[in-house]
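Q: Letter by letter, the chains look like this.
Protein chains: 2
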Amino acid sequence: MSLESILNNSNNYQPGLSIDCVIFGFHDNSLKVLLLKPKFSEKWTLPGGFVTVDDSIDVAAVNVLKERTGLTGIFLRQFATFGDINRDEIDFNTKVLEFFKIPKENAKWYLQRFVTIGYYALVDFFETIPSANGKYEIIEWIDLNNIPELILDHNKILNKALENLRLELNSLPIGFNLLPEKFTMTELQKLYETILGRELDRRNFFRKMNSIGILKKLDEKKSNVSHKAPNFYCFDTENYQKVLKDGLNMGW
Amino acid sequence: MSLESILNNSNNYQPGLSIDCVIFGFHDNSLKVLLLKPKFSEKWTLPGGFVTVDDSIDVAAVNVLKERTGLTGIFLRQFATFGDINRDEIDFNTKVLEFFKIPKENAKWYLQRFVTIGYYALVDFFETIPSANGKYEIIEWIDLNNIPELILDHNKILNKALENLRLELNSLPIGFNLLPEKFTMTELQKLYETILGRELDRRNFFRKMNSIGILKKLDEKKSNVSHKAPNFYCFDTENYQKVLKDGLNMGW
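Chains as they are written, first to last, in the numbering used here: chain Y, 1 to 252; chain S, 1001 to 1252.
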């Protein structure tokens, strides 16, 4: 939906409310985030959107994700809402209007304070078809260690998403959407390490992961490695869904 | 702030946005929630409020808490935002206006779709001074096992708060605001059990809790018990704050 058509139908949108999505993918043993480069700014931005008056906020988030990745039915989780008074969205949106030569008189809805709801998604890197339509010129997977300066409070939103993803690791299985169908234990460990931002002890990780009971060892080894070939694993879908529902219970 | 004065100054409030607070206290070995009985409804409600255009959402939540408990500077955490389209707030608010005989023409701001941000707080039962001013006739600590039917989606909000508090137990120390200054290990264990909703093994709990390093054993025993008197403990404030900042790291 273009900004013009939203402004022409602003009665159809919740006032002062937006959605921002932190979309994580895993590739080349590192965690990446899908970011957009707008035409109107040197800084990059998280994919986002608005909430129509007859859509639930979760549906609005699903729509943002679908627009930018082509994907549906993936792991998407609301993690926090951002509503500091110094988000500076009015200043920022004023500049956007100037860039697109849209008269301010037609954009009262856009020139108010916005509170934004953050969602994060875990998607399959290879299944994603990034799309930079509308106000954007580039969409790109950017390595977590190489995040540029983002507009508004988007760096804060991204960091908070990562913090929440780390917490989730202790209560939920993660990886189903991030890894290919077959993977080695080392690849799985690398995923956890890249999310946690620290190295894990190999033996401990193997032991804990096996005790959860969501992995199936396959009768197949990774072939393109020189020395001892590691085994492939896949997720036991049924058990994975069960643990996703019941929680890992790693704490008390 | 009364509903009338909010409606007379509705330009000062974010449109379609409210705050709801789940306030937990611990007393008589059980977890309780502070709930209000409105004049206009048979169902009870969570304490809530609105967001003025020049306050951060966190400040709005602090204000709700202060109004209902008299407390400031306590553990308060945003946990989720609720924005399903079937929250039924327009129907509900229409009935509130009818009850207070406020003409609908003066209440356009109130008769729109509201999205609500949930916060939960952990407070000291004995320091709280519950206050039921405004549209409410009763405010009461209600046992978690005895929660009545609440208005709108407030039961869902309460359950989600509890779910988040349970998750937090695995990453943060909890108890500083919920327990008296001196407490026994059994009382601390009881707090964890009542939050988790299940019994914990005594030895395991003692071992894990001691390994965190946030407790100080006092040279004092609980006196009004018949058999072997248990030791009193208090929190080591400095270490507690450190773990609160760094996290418990009980998982991977």
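Calculated directly from the structure, the hints in this document are not laboratory data.
Even glycine gets a Cβ: it sits at the ideal position worked out from N, Cα and C.
Just so you know, not all the hints are guaranteed correct.
Derived, one-sided and incomplete: chain S residues facing chain Y with beta-carbon distance under 8 Å [what the hints assert, rightly or not]:
(1) LEU1007
(2) ASN1029
(3) ILE1057
(4) PRO1103
(5) ILE1117
(6) LEU1165
(7) LEU1167
Using C-beta positions, here's what the derived DEER-type ranges look like [to be verified]:
(8) S:LYS1222 / Y:ARG198: 56 to 62 Å
(9) S:ARG1198 / Y:GLN241: 50 to 56 Å
(10) Y:ASN204 / S:GLU1163: 46 to 52 Å
(11) S:GLU1140 / Y:ASP88: 55 to 61 Å
(12) S:VAL1059 / Y:ALA132: 50 to 56 Å
(13) Y:ASP88 / S:GLU1199: 46 to 52 Å
Q: Output the indices of the hints that this structure fails to meet, ascending.
A: 1, 2, 4, 6, 8, 9, 10, 11, 12
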